[in-house]
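These protein sequences, in sequence, are chains Y and V.
Take 303 as the starting number for the first sequence in our numbering and just add one per residue.
Take 420 as the starting number for the second sequence in our numbering and just add one per residue.
A portion of the hints provided could be inaccurate.
Stated by the list, open to error - DSS-like cross-link-like pairs, simulated, lysine-lysine; straight-line CA separation at most 30 Å:
no., chain 1, residue 1, chain 2, residue 2
1, Y, K339, V, K428
2, Y, K360, Y, K324
3, Y, K373, Y, K360
4, Y, K360, V, K428
Just so you know, the hints here were simulated from the structure itself, not pulled from any lab data.
On a predicted model such as this, the values are computed, not experimentally measured, just so you know.
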Amino acid sequence: GENVEQHPSTLSVQEGDSAVIKCTYSDSASNYFPWYKQELGKRPQLIIDIRSNVGEKKDQRIAVTLNKTAKHFSLHITETQPEDSAVYFCAASSGGHSGAGSYQLTFGKGTKLSVIP
Amino acid sequence: NAGVTQTPKFRILKIGQSMTLQCTQDMNHNYMYWYRQDPGMGLKLIYYSVGAGITDKGEVPNGYNVSRSTTEDFPLRLELAAPSQTSVYFCASSYSRKREVSSYNEQFFGPGTRLTVL
Chain Y
303 GENVEQHPST LSVQEGDSAV IKCTYSDSAS NYFPWYKQEL GKRPQLIIDI RSNVGEKKDQ
363 RIAVTLNKTA KHFSLHITET QPEDSAVYFC AASSGGHSGA GSYQLTFGKG TKLSVIP
Chain V
420 NAGVTQTPKF RILKIGQSMT LQCTQDMNHN YMYWYRQDPG MGLKLIYYSV GAGITDKGEV
480 PNGYNVSRST TEDFPLRLEL AAPSQTSVYF CASSYSRKRE VSSYNEQFFG PGTRLTVL
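Construct the entire structure; sequences and hints are all you get.
Listed below in structure tokens is the structure:
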């Protein structure tokens, strides 16, 4: 099955600096890569996602890049703000390409981002 | 729309007790999922359903059962609670068109149920 590795596990940045979180995946059939943000005690919420036919996607201060050859994808947050402090999870799925079971999302273990004012 | 709702929010069980975690969505999503999240870990899929009457095992199904009699509801049953089942449980739903490779869509999560087994 799919295996998703996420690094680093913790990340501290000064307010206004950029933050980068990296993930690798093992299943070459994976074609959907979402990123979720989870604040303390809250539910995970999607912040951005990318599909395998796209190399980069941007939404204001957040961007995701995907390298299918190397099987890794990254989350970039620019001009970080204190409200960006949370745990961020990457995930991967083959989106049904390999049968019904592949609609499963496999999550990384998360990165705790702290933005220091 | 209320989205995905879960009850209860908190529960303490004794070893060997049973309980059902409730999950309801009002978005007419066909796919529903149950995850568990242990401290410092990502979410692990317990069971999922692609539609009413259809369920399948995820990564960590042992000790759990599910049913999907309606589109809206997807309850998770713990039959003999064990301390290893202490966790936060999240239900999620999504809409996907079958047999379309690019149809995968966002999963919406419920608020979670914090379960402690003592």
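Results for each hint:
| no. | hint | verdict |
| --- | --- | --- |
| 1 | Y:K339 <-> V:K428 | holds, 20 Å |
| 2 | Y:K360 <-> Y:K324 | holds, 16 Å |
| 3 | Y:K373 <-> Y:K360 | holds, 19 Å |
| 4 | Y:K360 <-> V:K428 | violated, 35 Å |
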